[in-house]
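Participant: Letter by letter, the chains look like this.
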Amino acid sequence: NAGVTQTPKFRILKIGQSMTLQCTQDMNHNYMYWYRQDPGMGLKLIYYSVGAGITDKGEVPNGYNVSRSTTEDFPLRLELAAPSQTSVYFCASSYGQDSPLHFGNGTRLTVT
Amino acid sequence: GESVGLHLPTLSVQEGDNSIINCAYSNSASDYFIWYKQESGKGPQFIIDIRSNMDKRQGQRVTVLLNKTVKHLSLQIAATQPGDSAVYFCAENRASYQLTFGKGTKLSVIP
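As you go down the protein sequences, you meet chains A and B in turn. Read in order, the letters of the first sequence are residues 338 to 449 in the numbering used here. Read in order, the letters of the second sequence are residues 10 to 120 in the numbering used here.
Isolated chain A, as found in the complex (with noise of 0.2 Å):
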């Protein structure tokens, strides 16, 4: 199993841009996650997903949507890129609300 695929790795963008982060998992999980860690801080929830279909709003979501059409899929869209949201976003999954999360390996944002 590769796990949970994230793409683009890296990715700079000019203010008002608008981009997909694309997230993939193979372990048929039902729940997936958007986190982003800012510098020297910890993971805020974006968005998450229970399951096909079933999206809600985390911590921090502003400026930011997700669809979740498969079971393996769940992009997250910038539409109108800001500075505030330079940062590495990390897609997770899981089997079930109290199990662990399993992490990709992130995408590295830069606006300028």
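Careful: at least some of the hints might be erroneous.
Unchecked claim - Straight-line distance between alpha carbons at most 27 Å, and here's what the computed DSSO-like set of lysine-lysine pairs gives:
#, chain 1, residue 1, chain 2, residue 2
1, B, LYS65, B, LYS112
2, B, LYS65, A, LYS394
3, A, LYS351, B, LYS65
4, B, LYS112, A, LYS381
5, B, LYS112, A, LYS394
What the hints assert, rightly or not - Partial chain B-side listing against chain A, Cβ under 8 Å, derived:
#, residue
6, PHE55
7, ASP58
8, ILE59
9, MET63
10, PHE98
11, GLN107
12, PHE110
13, GLY111
14, GLY113
None of these hints come from the bench; they were simulated from the model. Positions of the beta carbon are idealized from the N, C-alpha and C atoms, including for glycine.
Since the structure of chain A is already known, use the hints to place chain B on it.
Facilitator: Frame of chain A; chain B shown alone:
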């Protein structure tokens, strides 16, 4: 402020010694806790978890202790190795489906 925090932001230990990383949490309703290890440039890697109906859980070279009375969590690493150098995060399930992470402790192993 952060519900989950760490007493020591950095920890240096001699190779072969035991390491203890501490974490405080403030939500008494949290019933599931996890420790993660994050190496540079990688995503967090699951180490060990514990549920609130337990006080202690052991894995391979690692032990997690949970003290619900003082809302304290610790990770003990036995015979610390250079490969253990990383940032360690504790996390709690403060709300359904949502893990809240602490800021992390950087562990440096001195050869």
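Participant: So, for every hint listed, does it hold in this structure?
Facilitator: Hint by hint, here is what the structure shows:
Restraint check for LYS65(B) and LYS112(B): the C-alpha separation of about 23 Å stays at or below 27 Å, so the hint holds. With a C-alpha separation of about 33 Å, the suggested pairing of LYS65(B) with LYS394(A) is violated against the 27 Å cut-off. Of the pairs offered as hints, the one joining LYS351(A) and LYS65(B) is violated, with about 49 Å between alpha carbons and a cut-off of 27 Å exceeded. A threshold of 27 Å between alpha carbons decides the hint, and for LYS112(B) with LYS381(A) the separation of about 10 Å falls inside it, so the pair holds.
Between the alpha carbons of LYS112(B) and LYS394(A) the distance comes to roughly 21 Å, so the proposed pair stays at or under 27 Å and holds. About 4 Å separates the beta-carbon of PHE55(B) from the nearest beta-carbon of chain A, less than 8 Å, and the hint is met. At its closest, the beta carbon of ASP58(B) sits 6 Å from a beta carbon of chain A; the interface hint therefore holds under the 8 Å criterion. For ILE59(B), the shortest C-beta to C-beta distance to chain A is roughly 11 Å, which exceeds 8 Å, and the interface hint is violated.
Given hint, MET63(B) at the interface with chain A, is violated; its Cβ is 13 Å from that chain's nearest Cβ, farther than 8 Å. Taking 8 Å as the C-beta contact cut-off toward chain A, the hint placing PHE98(B) at the interface holds, the least distance being around 6 Å. The beta carbon of GLN107(B) comes within 5 Å of a beta carbon in chain A, closer than 8 Å, and the hint placing it at the interface holds. Checking PHE110(B) against chain A: minimum C-beta separation of about 4 Å stays under 8 Å; hint holds.
Proximity of GLY111(B) to chain A holds as hinted, the smallest CB-CB distance being about 5 Å (cut-off 8 Å). Hint status for GLY113(B) relative to chain A: holds, with the closest Cβ pair at about 6 Å, below 8 Å.
Consistency note: the structure conflicts with the earlier hints numbered 2, 3, 8 and 9.
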